[in-house]
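Undergrad: Put chain B on the given structure of chain A with help from the hints.
As they're listed, the protein sequences go chains A and B. Heads up: the first sequence runs through residues 1 to 117, numbered per this note's numbering. Heads up: the second sequence runs through residues 1001 to 1114, numbered per this note's numbering.
No wet-lab data here; the hints were simulated from the structure. Certain hints may be false.
To be verified - Derived SDA-like pairs (lysine to any residue); straight-line CA-CA distance at most 20 Å:
#1 K1022(B) x E44(A)
#2 K38(A) x P1107(B)
#3 K38(A) x H116(A)
#4 K3(A) x S1059(B)
#5 K1057(B) x I60(A)
#6 K3(A) x Q1041(B)
#7 K3(A) x G1040(B)
#8 K1057(B) x K1015(B)
#9 K1057(B) x Q1044(B)
#10 K70(A) x T27(A)
#11 K3(A) x D1056(B)
#12 K1057(B) x A1(A)
#13 K1013(B) x K1052(B)
#14 K38(A) x A1(A)
#15 K1057(B) x Q2(A)
#16 K38(A) x W66(A)
#17 K16(A) x E44(A)
#18 K1015(B) x R1110(B)
#19 K38(A) x I60(A)
#20 K38(A) x G1040(B)
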Amino acid sequence: AQKVTQAQTEISVVEKEDVTLDCVYETRDTTYYLFWYKQPPSGELVFLIRRNSFDEQNEISGRYSWNFQKSTSSFNFTITASQVVDSAVYFCALIVTGGTSYGKLTFGQGTILTVHP
Amino acid sequence: AAGVIQSPRHLIKEKRETATLKCYPIPRHDTVYWYQQGPGQDPQFLISFYEKMQSDKGSIPDRFSAQQFSDYHSELNMSSLELGDSALYFCASSLSFRTGGEQFFGPGTRLTVL
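With the rest of the complex left out, here is chain A (with noise of 0.2 Å):
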């Protein structure tokens, strides 16, 4: 079975700060996807990044960027330079395509941001 951990539960941060989300992952398969969404207060699931096992480079897309580590088991999700719009609930997310698998994702907790002005 699969398992996602997310520790923090909520993060506050004062705009412009630098903000890190962890996320731990647990699986047996070696072929697997991992992505972060984010839901904002209006609730829609918003995509932000998918990653497959075979690719730990890392991901800088704008303010946003991804370390993934194969090693620990780890995708984490840096905001740069926080804004207010950032505030959110992000979640981390696995799927693993082996067996009979059809793509189902599976959830980390959640870790709630809230950035200051």
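TA: Frame of chain A, contents of chain B only:
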């Protein structure tokens, strides 16, 4: 670009009533997923369909059933509603689930059971 459509967006029901949620996936997507997100919780997988056949099942109560129709839209039927069924219900669709394709989520249906 076309997105996943869910209807209704909001639904209020009484206990023991029945609710039907509808989902229209992105055209040509072959897999549909349903998730339930309770207040303050992460989304939990309920059920999925691949090419109109049920492909996987999560912790879906027996009171719930779902199907995918010939036009690929899907419906989640919920009977004997309980207060605990109050949640945000998401539908998502994807192409090529075998390669861990991105799941595109609809806006969700917020169900309130009184």
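Undergrad: It remains to establish, for every hint, whether it holds in the given structure.
TA: Consistency of the hints with the structure:
1. For a cut-off of 20 Å, the pair hint linking K1022(B) to E44(A) stands: about 16 Å separates their Cα positions.
2. The suggested pairing of K38(A) with P1107(B) holds, with an alpha-carbon distance near 13 Å, which does not exceed 20 Å.
3. Taking the CA atoms of K38(A) and H116(A), the gap is near 18 Å; set against the 20 Å cutoff, the hint holds.
4. At most 20 Å may separate the alpha-carbon atoms for a hinted pair to count; K3(A) and S1059(B) meet this at roughly 15 Å.
5. About 35 Å separates the Cα atoms of K1057(B) and I60(A), which puts this hinted pair outside 20 Å; it is violated.
6. Simply put, K3(A) and Q1041(B) have alpha-carbon atoms about 15 Å apart, close enough for the 20 Å limit, and the pair holds.
7. A threshold of 20 Å between alpha carbons decides the hint, and for K3(A) with G1040(B) the separation of about 18 Å falls inside it, so the pair holds.
8. About 25 Å separates the Cα atoms of K1057(B) and K1015(B), which puts this hinted pair outside 20 Å; it is violated.
9. With a CA separation close to 11 Å, the supplied pair K1057(B) and Q1044(B) stays within the 20 Å bound.
10. The hinted pair formed by K70(A) and T27(A) meets the criterion: a straight-line CA distance of about 11 Å does not exceed 20 Å.
11. For the proposed pair K3(A) and D1056(B), the alpha carbon gap of about 17 Å is at most 20 Å, so the pair holds.
12. With a CA separation close to 14 Å, the supplied pair K1057(B) and A1(A) stays within the 20 Å bound.
13. Distance check on the hinted pair: K1013(B) and K1052(B) sit about 28 Å apart at the alpha-carbon level, beyond 20 Å; violated.
14. As the CA atoms of K38(A) and A1(A) are separated by approximately 24 Å, the hinted pair breaks the 20 Å bound.
15. In summary, the hint linking K1057(B) to Q2(A) is supported, as the alpha carbons are separated by about 15 Å, within the 20 Å threshold.
16. For the hint linking K38(A) to W66(A), the alpha-carbon distance of about 14 Å falls within 20 Å, and the restraint holds.
17. A threshold of 20 Å between alpha carbons decides the hint, and for K16(A) with E44(A) the separation of about 25 Å lies outside it, so the pair is violated.
18. A hinted pair counts as satisfied when its Cα atoms are at most 20 Å apart, and K1015(B) with R1110(B) qualifies at roughly 15 Å.
19. In summary, the hint linking K38(A) to I60(A) is supported, as the alpha carbons are separated by about 16 Å, within the 20 Å threshold.
20. Among the hinted pairs, K38(A) with G1040(B) is consistent with the structure: their alpha-carbon atoms are about 14 Å apart, no more than 20 Å.
Consistency with the previously given hints fails for numbers 5, 8, 13, 14, 17, ordered from lowest to highest.
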